[in-house]
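K.L.:
Need the complex rebuilt from these two chains, each delivered in its own frame; the hints are there to steer you.
Heads up: the protein sequence lines correspond to chains A and B, in order.
Residues are numbered in the working numbering as their position in the first sequence, beginning at 1, plus a constant of 280.
Residues are numbered in the working numbering as their position in the second sequence, beginning at 1, plus a constant of 2.
No lab work stands behind these hints, which were simulated from the structure alone.
Nothing false has been slipped in among the hints.
Footprint (simulated), chain A over chain B, 3 or more residues, beta carbon under 8 Å:
1. 21-32
2. 43-55
3. 69-79
4. 82-88
5. 162-170
6. 175-187
Note that the Cβ used here is the ideal one computed from N, Cα and C, for glycine as well.
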Amino acid sequence: MTALEPGSTWVVWLIVSPLAAALIAFLLPRVAAAIALANALFMGVAALALLDLVTEQGPHRYSLGGWGAPLGIDLYADPLSGVLLVVAAVVVLATLFYSRDYLARTAIGPLFWPISLFLHAALNALLLSADAFNLYVTLELLSLSAVALVALADEQRAVAAALRYLLASIVASLAYLLGVALLYHTAGVLDLAALAERATWTPATWAALGLMTAGLAVKGALFPVHFWLPGAHSYAPSPVSALLSALVVKAPFYVLLRLWYAPFAGAPEAVGTLLGLLGALAIVWGSLQALRQARLKLLIAYSTVAQIGYLFLFFPLAQSRSALQGVTVFILGHALAKAAMFLAAGNMHKCLGHDRIQDLHRVARELPVTLAAFAVGGVCIMGLPPSGNFIGKWLLIEAAFAQGEWGWAVVVVAGGLLSAAYVFRVLGHAFTVDDKPVDASGAPASMAWAAFALALLALTLGVFAAPLIDLIGGPGETAVAHLSSREP
Amino acid sequence: MTNPERDTLARLARFGSTLAVALVFAGLAFAMLSLPAEPTGLAAAVRAELPGTGAANPVTAVLLNFRGYDTLLEIAVLLLALLAIWTMRRGQLRPQRDPGDVLESLASIQAPVMLVVAGYLLWAGGSAPGGAFQAGGILAAAGVMLVLAGSGWPQRLSGWPLRVALVLGLSAFICVGVAVVLGGQEFLAYPASGAATIILVLEICATVSIAVILLDMFLSVLRGRASRTDTTASIDQP
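Just chain B, same shape as in the assembly (with noise of 0.2 Å):
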């Protein structure tokens, strides 16, 4: 049954978000487009004191010695969210289904050579693009190949091992925050001497965390995602 009434209401509503979205971006458009074409942004300033932290890549040097605290607590996020998901996490991984030949031994090929270039990126991070964010993500990303090819051994890592390898970015970052701290410096202000090896642990640390927290993400979605169809799909269809 159509209500005409009802229906030009439903125009009208529809032509006024359209209006509005269209109005806000016109706004920002126009905002963007007045931004002076040179930033005045704090790269010459990174530039000027990039000798003494212990990286010389600028992009590295900014995410973990000038604005290392910000890092910090991304990497906490990362946590946290990975926690949210358990909050909701129902149920065991079923077992896994015969991902075919081709699956198998192309993951098996694949996999220690993005182990290795997880390596490279992490120590190129410290001169070139790459870091503990980009390894990170990489090596999880070979877990999650191989858990869809069907291999068991991401899964492997449970309990507390799993939990030590979740924090040990966060704990690795606060310690070296603290240790300084109680030498008599501000948080997280390391020695210019040292920094390049702190930066180095902090890194190896964090890509650790990422990959695993990243790695349990997929894991825990899936386990979640198994447990509805068995018990509840009725209730929640995908």
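Extracted from the complex, chain A is given alone in its bound form (with noise of 0.2 Å):
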């Protein structure tokens, strides 16, 4: 065991700061919110540095315990998860900041902020681990917390939602473990780059590949085994809203990348297309479905089952390294959209008291910020440029040229009309007239900059896109060999 250089330190305090201060948030509940938000602003510090880090001396392996891979765990984190990481810190970070007005107009308890900081520890502790059974305990935390903070609703509404979510996580979670046991009685390791060195297409290797791609498409919320997120994302209070569909529903979708790259980089072309497929679907129903909400917070629930389709669109066309690209940046921009968006409706459900779409007269006039915000985010939504969504969406009809499979692109397109129609449903009410009073106290003026800053992110992330997208499976390098390899 050698002593290390200090920088690469950052992963390990990435997982133990939230960590910690969860405990300080829970045994001091006077100052949960301003531990909180300081661990917010270092966690975005500790990114920005991990992700200068790997950008200048490649990717980084960091041994838990000093005993490395496969008798210890490992930790890695590359480009993609160092930008996953930023992104996160960023959500976090206007959502805590958001929360603080929030849970002081609502009967939400102190809980909200360990909880939410265990959130944040595992979703961290996800997107840098190396560890096919550790990815497994950090899904449990990342679920156990967000089914936590749907159920701090104080709703019978929100709590059947949470134990629905609970229900169909816990069942994920079983079929991923069963996976997990399944590979390492096989390969007779459980680290990823591992397990890609050794892995063979036995029959209980095709067997983890239909348990972990199953339990993973459940947690993930993708059509048709979507059906406990509307409910779960649509009671929830509205800061726990924007953290769910913003970051945690796309933590599996980044295990089974992870996953698609190391012990199932050999899996057939067919089981791309399936997962295709029903990103396609996911598409069309969830923007249908969306579009016949009469609640705001519903609408944009369905509009989340939609875009999780487009991140399933990358395994047909994983060939190309657009794809990988692509579907970062999307995640990116959607992040930040998407979290932009409940932020704003949880603005407009604490002034109007509802978030009945037709009723959302006088919003434009009484909430103008709020509504920029909501607006923008739908821009950004819609994939307009220059939103980060429109780059992601770019880079995915690319690949999909690039591959001569041009369904995929129309896909892409039609997507994007389905979204337009549902996001202007909503600002045409928002801009009607109407006598009614709106008690604009509700929502002070921190909680819609909260959410006016991410959409105005999200819609300027296309500007800073092209060195994210150097990055991301970088010059000279295909992005299958930059994700699976290893330190020397």
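P.N.:
So this is what it looks like as structure tokens:
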């Protein structure tokens, strides 16, 4: 065991700091909000520092306990995990800043702070994990904290939605865990890179592929197993909806992505095509459902179902590098835009006392910043330039053309048109005039600006996207080699 | 009123789902049967490295040293599960009904025995099967039994002493891990000379937290049920 250079401990602080902050916030409820905000700021700094480190020095491995894989557990950071850690920190920071004023106006107790800190720790641990079983533990931690946050809403329906989410999540976890057991029995290791080296396609590997993909599809709310998402994401308190839709639901997809480059790298094209088809169906079905909803938060939740579909278009297009780049930029853009939309919806809910789309009169005049945040977020979801979603969709279309599979490009464009329809439906109602009073004091400026800042970041993401794209699967290196490479 | 067409549909759906489950089961069974009889796991590597881990039992070495990070997160999962129950908890525990002489006297004999067994399991974990999770589980069971027998003292742990006991295990893990990092080593890399002591301290702290977390889960569910039957019995039938 040798002493390490100082920069390399960022991966540890990214996991330990939110855990320690969660314990302090639990022990000292009075300073919980301050601790949570300070931690979110620190997470932003640490994530940027780590991204800088992996950009300069290439992918980075860290052996916990000093043992090293396969005996111990390794953490692994590369530009993909780096940018996701940064966007997670940004969304969490804005959401927690918003939550300070939001919680003051609700009956939600101080448990929100430690649980949301656990959620951030789980997310960071998941993004940095390089071990199939450790990924299971981080998924458990993430799901449980998400369920607990949904149940915080003081409403019977929210508790019911939380329990449904919990049950779906547990079944999915068990399927994933059984897959891990099968892989371990076949290959004798749990480290993803080591699994990739030893993977052979035995019946057990096939079963593991099926079980783990199915489990992650349920947790990631891929059509048709998205049934738990609309309730959980819409009945949750609004800042929680933002965290769930922006970040939590992307985590299982990220795990599947990692598996796709390691033990399942040789999976037949048919599996990828199937996932892509389900993604395409998700885009159509989620968008049509969003159009039909009467409540704003349900509309946004169904929009998430549709947007998750885009992520799964990655699998049939995985051969071309721009698919991974596109899907990464898309995740960033959707995280920022969707968080902005849920936070804005939370403001409208607080001021109007409801979130019925038909009765959103006068929102444009009384809550201009909030509505601007929602509209800008919506424009990003539609995929108009210069949003990150535009770049993401563009790269996906490019990948589809590169592989000569035009069908996927049609799906991408059609999904954009459908999302424009449901976003304009909300905006149409928000601009109507009515005499009913709106209590604008329900959402102070801090809440409106937190939403607007996220929306603005989502919109301008396309401008910063070029260096980001170069980072993911950088020049001279294929994305595949980049993701599964081990440090010499 | 029965609709023959709907009946047929329902039967078809049931048949279809049965068939799907049977197919999945058959596929899994086939995969299991095709597994090599001799697993190619890490057992040999664990045995080879065992002397430097501070534990003579390979399971303990894996849980607290090789994969100590997993155990740290698992303890966080337990604590989080309790917080999740707390988010749904409403109301206070009712006074207990009379448990009867048999339960009361049995509990008063068994509780001290369980305490000793838990202590033994905790200590034995270093060299034989046992350890923090088993010891904590038995301690929590003793607490549940005392509550059911009408004893009030497991509930006397509340307020900040309760919170400290709940976070003790996770805090100890984090403190050890961070101390090692500040000393220039990898997170959770124990120095070989002090590993046995560190593992023992971690196991003791984890045992306390696991026991209190499990016991409080039980109490929280009891409280939740008591308050539901009081206020919202008409909405939420058991």
